[in-house]
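Novice: Next come the chains, spelled out residue by residue.
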Amino acid sequence: MAIKHLTTAGFDAEVAAAPLAMVDFWASWCGPCKMLSPVIDSLAGQYAGKVLVGKVNVDEEPELARRFGVMSIPTVVFLKDGEEFDRKVGVMPAEAFTAVLDSHL
Amino acid sequence: MSYDVLVIGGGPAGLSAAVNVRARGRSVLVVSNSDTENPLYRAERVDNYPGLPGVTGPELLEALHRHAEAAGASFLEGRALSAMRMGETWYVSVGSDMVDALSVVLAAGVSRGKKFPGEAAFLGRGVSYCATCDGMLYRGRPVAVLGYSESARREGEFLREIGCAVTYFDRPKQCTITGGDRVESVTCDGVTVPAEGVFILRPTLAPTDLFPELTVENGHVIVDRRMATNLPGLFAAGDCTGGPLQAVKAAGEGLVAGQSAAAYAAEVLRAQK
Numbered sequence: 001m002a003i004k005h006l007t008t009a010g011f012d013a014e015v016a017a018a019p020l021a022m023v024d025f026w027a028s029w030c031g032p033c034k035m036l037s038p039v040i041d042s043l044a045g046q047y048a049g050k051v052l053v054g055k056v057n058v059d060e061e062p063e064l065a066r067r068f069g070v071m072s073i074p075t076v077v078f079l080k081d082g083e084e085f086d087r088k089v090g091v092m093p094a095e096a097f098t099a100v101l102d103s104h105l
Numbered sequence: 001m002s003y004d005v006l007v008i009g010g011g012p013a014g015l016s017a018a019v020n021v022r023a024r025g026r027s028v029l030v031v032s033n034s035d036t037e038n039p040l041y042r043a044e045r046v047d048n049y050p051g052l053p054g055v056t057g058p059e060l061l062e063a064l065h066r067h068a069e070a071a072g073a074s075f076l077e078g079r080a081l082s083a084m085r086m087g088e089t090w091y092v093s094v095g096s097d098m099v100d101a102l103s104v105v106l107a108a109g110v111s112r113g114k115k116f117p118g119e120a121a122f123l124g125r126g127v128s129y130c131a132t133c134d135g136m137l138y139r140g141r142p143v144a145v146l147g148y149s150e151s152a153r154r155e156g157e158f159l160r161e162i163g164c165a166v167t168y169f170d171r172p173k174q175c176t177i178t179g180g181d182r183v184e185s186v187t188c189d190g191v192t193v194p195a196e197g198v199f200i201l202r203p204t205l206a207p208t209d210l211f212p213e214l215t216v217e218n219g220h221v222i223v224d225r226r227m228a229t230n231l232p233g234l235f236a237a238g239d240c241t242g243g244p245l246q247a248v249k250a251a252g253e254g255l256v257a258g259q260s261a262a263a264y265a266a267e268v269l270r271a272q273k
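If you're matching them up, the sequences are chains A and B in order.
Using our numbering, read the first sequence as starting at 1 and increasing by one per residue.
Using our numbering, read the second sequence as starting at 1 and increasing by one per residue.
Please note that a few of the clues may not be correct.
[What the hints assert, rightly or not] Computed footprint of chain A on chain B, listed as stretches where at least three residues anywhere in the stretch have a Cβ under 8 Å from a Cβ of chain A:
#: 1; stretch: 91-104
#: 2; stretch: 119-126
#: 3; stretch: 129-136
Everything labelled a hint here was simulated from the structure, so no lab data went into it.
Where is the CB? At the ideal position from N, CA and C, for every residue including glycine.
Next up, chain B with everything else stripped away, as it sits in the complex (with noise of 0.2 Å):
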């Protein structure tokens, strides 16, 4: 699958840039979780998007979801894992599939909570973030899953299915990973079960385990004023980018963003021709 633009994020922030990239005539591929996992879901009471007092968090995604989809943008449910540049090309792959773009917009919200002991030292020896990609290599073995949104639920039945043996942990707060060349056991809020594999599976990737050679500050993504990061080609906006927190403010960071990521993606077609 091929975009102009691949925006990640479907709240205000993702959902504003896809509408300016189609209001530029390009194509636009929004990754994003489902509006329900969307923290912005939960607002009972939005009171400063102008225009719209006292809008309720599901009114306004609903609303910013058929303004994109009116205006051309594709859609496609599950969490960006990889991000890569090669030529003037970047490719992300969303679970099982690929997808690659001109540009992109990074906007997938904040990413909270900070790594568990032993998460980054046993990545790729035990810890995984991907039930799709490495479950089959735990069939028949012990796994923990330390699941953060509705889809990590899912993603827990499929490796149940698949013939793992599945301690699922619904939001534990603190958790440890242990073993010696590989991991052996996880210990969630006090409780310790066996586990070869430790399936964390936030509802965002902090922006750096996506893109390794971002500048950030303080977990923030360092952007200009067209929210252009220091990587070409790729630009963020909303809560990525550092607070206040609000919709409107990522709504208009999108606006800019998806401009900016149009404008990008034209002038390497133009370098092209």
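In isolation and in its complexed conformation, chain A is listed as follows (with noise of 0.2 Å):
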């Protein structure tokens, strides 16, 4: 499954359809957001069919960022049928993601 990129307006269908969601809050301009980037990716490829993995821009979706009281990036935000359950929080490296997840699938 690919990384979605979720909006405003999409995020709350699309995370409710995935039984568990992992979603990356980041920027263009934060550097440490890139270094998790590839991070994410692979994770992506790996959990595909089971987790939904996504990204929200927060300078597209401010209201996003808001609403789940993001204050630093990257900003990883776990959800189980829409309802968040943990959150990562800084640069960290694949196993600090796959803890959580394995856990709750």
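Starting from two chains that each stand alone, build the complex the way the hints lay out.
Specialist: Encoded structure:
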């Protein structure tokens, strides 16, 4: 499954339709976000068909950033049936994310 | 931007490392603050640098910088904010850029001062080390900048330009960050201001903030005779490995770290062939 670029309009429907979702809040001006990007890409491949891996550009979707209280990017929010149950702030290796996903699959 | 070796820090250790990486024919990028922010820049006189008695700090820095430049090192001004190794490559973010290299020499000097009360607890919930990254999330809101360098002042200006209501604290000694779920206010040297964001902009991050798995003792990076740390492909040199905090010791360690880092990068490239 490819990475979904989520917008304010489509967010709820997309995320609610997935049993498990992982959403990366990022922006083009953020160096640490660029570092995390290949990690998110590889997770999208690894969990294809099982987890919705999405990205939200906080520059283009400030309302979503506000709604989730994103105060530092990158922030990765984990959702189950549309409800947030965990989040990770900052650059981390893939294992930090797979640990959360694997324990909820 | 990809290099064989990335050097973090532009003082005697980092520049000496860069010269010696180039001497081994490897590409190298030096990420650092400007020379004027280097502690050595404020040294009026250095009397124990062999062969250059009485040289001033600015003269020594300039000579080292010119030497590295002539050797073919590349330079990027800014602060390294985060680092991570994936596969055989180190990725390091610098402001809004990202650079990668096969090996890294950490030569960023000493991070002076302890963390403030509330700093670690509110990291990512209002406390940030990167105005460029997180500034936009605080548009139209009150923020405080705790600035410890000239570039911090520029970052404060940037926050003001994008629409944050900025209170700038110039090198405050003691601050406390308070709030509930998120930061609500900060008190520095007796002055309290409401703030949803607190940007703490020190000239250099503590080694373990940049490399969380790094082994340190009393804040000093533990290295072996090759200046290798406990992390693969990461070497360290200069003040960050401990005293004496002297330019000549830093330059010597930089030589060893630069050679080790170049050899490490060469080994990775050989294995990949």
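Novice: Take the hints in turn and mark each one as holding or not.
Specialist: To see whether the hints hold, each was checked on the structure:
no., hint, in the structure
1, 91-104, "holds (count 8)"
2, 119-126, "holds (count 4)"
3, 129-136, "holds (count 5)"
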